[in-house]
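Peer 1: If you want the building blocks of each chain, they are given just below.
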Amino acid sequence: MKNLIFILLMFILFINIVNAKDFNEIFNKANDFYTKGEYTQAIELYESILKDGYESSEIYFNIANAYYKMKKIPESILYYERAKKIAPEDEDINFNLKIANLSIVDKFETVPKFFLTEWWESIRDLYSSESWAKILIIFLWITFLSLIGFMISWNSLIKRLFFFIALATLIISLTSVFFAFQKQYNEKYQQSAIIFSPRVDVRSSPDDKSTVLFILHEGTKVELLDSVGEWTKIRIPRGDVGWIDKNSFEII
Amino acid sequence: MQNNWTNKPLKKFVFLTDILSKMKKFIVKYLFLLLIISSNLLSQNFTATVDRNQISVGETFQVSFSLSNAEGKDFKAPGFKGFSVLSGPNTSQSFQWGTGGSSRTVTYSYILRADMEGKFTIDPASIIVDGKRINSNSITITVVKDGQGEKQKSSEGGSLESQANELIKKNLFIKLSLSKQSVYQGESLVATYKLYVSPTLAGQINISNISYPNLGGFWTQDLIELKNLQYSREIVDGVAYQTAELKKTLLIPQQTGTLKVDDLSVDFVVRLAVQGKKRSRDPFDIFDDPFFRQSYQDFNFTARSGSGNINVKPLPQNQPLEFRGGVGQMQMKAWLDKTTVKANESTTLKVQISGSGNLKLLEPFNLNLPNDLDVYDPKTVDNVSVSASGMSGNKIFEYYLVPRHQGEFRIEPIEFAYFDLNKREYITLRSETLVLRAEKGSETGNVPLISGVTKEDVKYLGQDIRHIKLKDFKLRQKNENFFGSLAFFGLALAPMLLFVAFILIQKRNEKLKGNIALLKTRKAMSLARKRLSLAKKLLNKNLEEEFFEEISRALWGYLSDRLSIPIADLTRDSASKILTERNANQEVIDKILNTIEYCEFARFAPSNEKFSLADVYKNAEESIVELEGKLR
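Chains as they are written, first to last, in the numbering used here: chain P, 898 to 1149; chain D, 3 to 634.
Just so you know, these hints were derived from the structure itself, not from any lab. If you're wondering where the values come from, they're calculated on a predicted model, not measured in any experiment. Where is the CB? At the ideal position from N, CA and C, for every residue including glycine. Among these hints, one or two may not hold up.
Not everything, but these chain D residues come out facing chain P in the computed CB check (under 7 Å) [what the hints assert, rightly or not]:
hint, residue
1, Lys352
2, Val353
3, Lys471
Okay, derived cross-link-like pairs now, PhoX-like style, lysine-lysine, Cα gap no bigger than 25 Å in a straight line [said to hold, decoys possible]:
hint, chain 1, residue 1, chain 2, residue 2
4, P, Lys948, D, Lys480
5, P, Lys1010, P, Lys1031
6, D, Lys473, P, Lys933
7, P, Lys1106, P, Lys1085
8, P, Lys1085, D, Lys476
9, D, Lys340, D, Lys442
10, P, Lys968, D, Lys344
11, D, Lys579, D, Lys525
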């Protein structure tokens, strides 16, 4: 059993360190380009690291920065959002995303939700599903170690202490499971996109002749709900729903 | 002529024309400045007119044949059957300069007298113009018996005023004519109030007041401005009336149903020549030459046009949505001044409605424009002219557009529906889709709109983004998630497995330990019994020392096994303490411990014989049984 844990730990470490060495050089080179102000080359190099189906919040963040410096706001917001999806807890990403969002046209008031829902979601969105999974594992270990401690200790005070630690960490673990599940579902099935067309008519139905409900401008984040042919159903933070041309946005 | 008058002793009035004919008609034209004669006789024509068409036997009247704008020769008068020619042909010429140019009229006139009653026709006269002989019209004259004609009525009136009234009524009237009797709502028509003055009164009238009609229910536009009356000649039943339009108005009904076109009334002052002045001793001195005896008197007279009714039909019910009230024949054109502009720069969208109909009543309409295209209140340019045939021209609505962002703005086809009066149905006009391309504006135009920034955003204004991440980047395969992966499950299940394993080990250990203790406890009693029975044998053999040893062994062994305490650790104190903890009462504890103590003493000092051996055996047995009952 000890061997199995060792293999698993090695496996995780292996994922994180594989290729990194090969790409470190390219990464540094791209960073140099960025510092010199040659953003196009920097973006190209960053993209070359990611081309084999890899993703990295740091690289997305750097690409977004480069696009921002080139005044390509929709692109930069797209990459900030991609970075945020991987690492929602990263303060730099959130900060820069807010700055980039200042430059877009559409400002929406978000629909107020029930305060408990809002708390739940704001806590949930602090971390990615991966982070929640890690939190879960850490607390699970603490829970069971505390239980063992509880069982072997004779002193009643220490016994009690172990019991409460076990109980608290168990609650945290269970909540983390919920959060991780929800986050994973959102990451997988709740697709969002950034509008790329300078302006796009949002129509009431997937049809060129239907009524224009409102207009969105480049850089706005929308939630994708459904799609029919050339049309995609979207929802904006304000809660309004409509159909837009599927060529007018880029999925995060 | 004098004879005629002598036959009518009651006659108080002398028609001015009679005098004028005598005086070769000049003077009076200038007596009343109001009357400016302007005939629209520019076209060449040859007409016959009379000054009256209903006369009494013996009365005289004038027939004129006028040729305008042409050089005529060889004038041939008709035979005046039933009349005697008193004078004529008298030829006169007149020139007129009007707005349309000058005209020249040659008039051949005759003074005729009716000889007998009946209906007579004055046949056309003829004249050669440009080598062609042209004919005038014919006129029918009704001659009534003496005293039955119009003169009779006037003679019957009592006072001078009423007679004058009667006379004026016949020769001065206002007619209301409507170009249409039945129209659709929104269709235009023309109401004309026309003044007719018969030649007998020409030059003798003066207008003192006009009360204009109230044309409620209509949108109106006057077609003439009444500064001067523009007189023209109009022949009604052969009588050449001087006519003037007092009011000519284009009406567009705004309501449905029967609408009344009000009457117009005019107060006139009519100057009539009165025979026999009061000053004269004999006012009815008819033998005097009237020319010298005549004097003039002014009479007030009010003429009314009478009102008219118009049936206004409602427009058909099936109005299209785009119907904006237009009625007539219309076209529409829509275009953009500039189709490509920079963001925040303006362009003008023009919608032109042209044609005929109630164009002036059209209001600018709201366009279905893209939301982020700012549009200002439309400006209306009106090129509509109003005439008797209605309104025509065009109306342009100018919409000032400002695209706020770059991009392509599609302006949906502009739709305009009107009611076509010819086809009697609604026609919908549709423009093309207009496309406005807005290019990226200047830098200033693209500054983020501060107005749209929320309170929370303000703290980020003016800040720059944070620098890129320079080290420590983690790559991971896309769509690969730690949560749910094998590693995750491994790490999550590991503590549980560990815990389960721990518990299992713990259990096994406990089981092993627990079994020995239990065995010992269970065996404690029987072991003690065995020793006690051995002690009994020793008692029977009276082996005191062995007996006491066996008793103490049995008791110590029992306690050791029963309490799972090694014999080496057992002392009187520790045993007493543990037994107390395990709820044994003090009496039993003392009994067993005292027995043990007694036995140990007795082994080494047999002299003290407090208890018999049998008592000791009994005590040991009892204490074990009692203790066994207490310890559970």
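Peer 1: Hint by hint, say whether it matches the structure.
Peer 2: Against the structure, the hints:
Hint status for Lys352 (chain D) relative to chain P: violated, with the closest Cβ pair at about 23 Å, above 7 Å. Taken as an interface hint, Val353 (chain D) does not check out: its beta carbon lies about 20 Å from the nearest beta carbon of chain P, beyond 7 Å. For Lys471 (chain D), the interface hint holds, since its Cβ comes within 7 Å of a Cβ in chain P; the closest pair sits about 4 Å apart. For the proposed pair Lys948 (chain P) and Lys480 (chain D), the alpha carbon gap of about 11 Å is at most 25 Å, so the pair holds.
Distance restraint check for Lys1010 (chain P) and Lys1031 (chain P): the Cα-Cα separation of roughly 29 Å exceeds the 25 Å cut-off, and the hinted pair is therefore not satisfied. Distance check on the hinted pair: Lys473 (chain D) and Lys933 (chain P) sit about 17 Å apart at the alpha-carbon level, within 25 Å; holds. Taking the CA atoms of Lys1106 (chain P) and Lys1085 (chain P), the gap is about 33 Å. The hint is violated against a cut of 25 Å. Simply put, Lys1085 (chain P) and Lys476 (chain D) have alpha-carbon atoms about 20 Å apart, close enough for the 25 Å limit, and the pair holds.
For the given pair, Lys340 (chain D) sits about 15 Å from Lys442 (chain D) by alpha-carbon distance, which is consistent with the 25 Å threshold. With a C-alpha separation of about 19 Å, the suggested pair Lys968 (chain P) and Lys344 (chain D) falls inside the 25 Å cut-off, and the hint holds. Our distance criterion of 25 Å between C-alpha atoms is met by Lys579 (chain D) and Lys525 (chain D), whose separation comes to about 23 Å.
The structure fails to meet hints 1, 2, 5, 7 from the earlier list, while all remaining hints are met.
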